[in-house]
Amino acid sequence: NAGVTQTPKFQVLKTGQSMTLQCAQDMNHEYMSWYRQDPGMGLRLIHYSVGAGITDQGEVPNGYNVSRSTTEDFPLRLLSAAPSQTSVYFCASNRQGSSEKLFFGSGTQLSVL
Amino acid sequence: EDQVTQSPEALRLQEGESSSLNCSYTVSGLRGLFWYRQDPGKGPEFLFTLYSAGEEKEKERLKATLTKKESFLHITAPKPEDSATYLCAVRLSPQGGSEKLVFGKGTKLTVNP
Chain A
159 NAGVTQTPKF QVLKTGQSMT LQCAQDMNHE YMSWYRQDPG MGLRLIHYSV
209 GAGITDQGEV PNGYNVSRST TEDFPLRLLS AAPSQTSVYF CASNRQGSSE
259 KLFFGSGTQL SVL
Chain B
683 EDQVTQSPEA LRLQEGESSS LNCSYTVSGL RGLFWYRQDP GKGPEFLFTL
733 YSAGEEKEKE RLKATLTKKE SFLHITAPKP EDSATYLCAV RLSPQGGSEK
783 LVFGKGTKLT VNP
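These protein sequence lines are chains A and B, in that order.
Residue 159 is where the first sequence starts when you use the working numbering, and the numbers rise one by one after that.
Residue 683 is where the second sequence starts when you use the working numbering, and the numbers rise one by one after that.
Hints may contain errors.
EDC-like, lysine to aspartate or glutamate: derived pairs with alpha carbons at most 16 Å apart [claimed, not checked]:
#  : chain 1 : residue 1 : chain 2 : residue 2
1  : B       : 724       : B       : 781
2  : B       : 787       : B       : 699
3  : B       : 724       : A       : 196
4  : B       : 761       : B       : 742
5  : A       : 259       : B       : 781
6  : B       : 790       : A       : 196
7  : B       : 739       : A       : 258
8  : B       : 782       : A       : 258
9  : B       : 745       : B       : 699
10 : B       : 782       : A       : 214
11 : B       : 745       : B       : 764
12 : B       : 751       : B       : 738
13 : B       : 782       : A       : 184
14 : B       : 787       : A       : 196
15 : B       : 739       : B       : 752
16 : B       : 724       : B       : 752
17 : A       : 259       : B       : 727
If you want the footprint, here are the derived chain A segments under chain B, 3+ residues with CB under 8 Å [stated by the list, open to error]:
#  : stretch
18 : 197–203
19 : 258–267
What follows is a list of derived Cβ distance ranges for each label pair [unchecked claim]:
#  : chain 1 : residue 1 : chain 2 : residue 2 : range
20 : A       : 255       : B       : 750       : 22 to 30 Å
21 : A       : 166       : B       : 698       : 21 to 29 Å
22 : B       : 721       : A       : 214       : 40 to 48 Å
Rather than coming from a laboratory, the hints here were simulated on the basis of the structure.
All C-beta atoms, glycine included, are put in the ideal place defined by N, C-alpha and C.
Based on the sequences and whatever the hints tell you, model everything.
So this is what it looks like as structure tokens:
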């Protein structure tokens, strides 16, 4: 099992550009989520999904979109990148009923210039 | 406001020198406290779940304990491979709100040989 796979590992964008961070899991987990990690702050939830076709906002959703067309994939879209979105982004998945045992990907380091 | 505070921010130990990391919380509706380990350039990896005061969990050189207001991660005779950032998270079920996971900022542990 590969677990949770995120691509790309690194990305540099200019302000105003859009892009999609990819996330895929092969554990057949119902739940998937996106977090950002900034220096001096804890992980913060951006968006999450409890199953295919169902998504909801987390703590810091502005400027991001998600969709969940399959159980395996949960892409995160930056609509118009801003310097404040410079961060490390982590995708996570977990089994329904086990919300504390998140399985994280290895992260995407994004810089917005 | 719900808060999770980890201390110290950073800790340097000599190999074999036991110590403890602290996670204190001021939250209402606590539904579990979790410890994760994060290595540089990687996503967090689940370690323990604690649900009630007095509960303890152990894994190799690590032991997690929980009181009503804080949790400790005790590291006994650490080795250099224990060097990592340790994250604490609490799951909340606030009145009138949806369940959420709140992460602390982490403690960066360095164990010197």
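Hint consistency between residue 724/B and residue 196/A [alpha-carbon to alpha-carbon, up to 16 Å]: Status holds; Cα separation ~14 Å.
Cβ separation of residue 721/B and residue 214/A, checked against the hinted range 40 to 48 Å: For residue 214/A against residue 721/B, whose Cβ atoms are near 30 Å apart, the range 40 to 48 Å is violated.
Given hint residue 752/B paired with residue 739/B - CA-CA distance at most 16 Å: With Cα atoms ~15 Å apart, residue 739/B and residue 752/B stay inside 16 Å; holds.
Hinted pair residue 787/B and residue 196/A, Cα distance within 16 Å: Cα-Cα ~9 Å, so holds.
Holds or violated: residue 751/B to residue 738/B, with C-alpha atoms at most 16 Å apart: holds (15 Å)
Residue 782/B paired with residue 258/A [C-alpha distance capped at 16 Å]: holds (10 Å)
Satisfaction of hint between residue 752/B and residue 724/B, Cα-Cα up to 16 Å: The hint is violated at about 26 Å.
Pair hint outcome, residue 259/A versus residue 781/B [Cα-Cα no greater than 16 Å]: Holds. Residue 259/A to residue 781/B sits at ~15 Å (cutoff 16 Å).
Pairwise hint evaluation, residue 184/A against residue 782/B, where the allowed Cα distance is 16 Å at most: Not OK: residue 782/B and residue 184/A at ~24 Å, beyond 16 Å, violated.
Given pair status - residue 764/B, residue 745/B, alpha carbons within 16 Å: Holds, at roughly 13 Å.
Coverage criterion applied to the stretch 258–267 of chain A (partner chain B; beta-carbon cut 8 Å; 3 residues): holds (count 8)
Proposed proximity, residue 742/B with residue 761/B (alpha carbon, max 16 Å): holds (11 Å)
Violated hints, listed in ascending order, are 1, 2, 13, 16, 21 and 22; each of the other numbered hints is respected by the structure.
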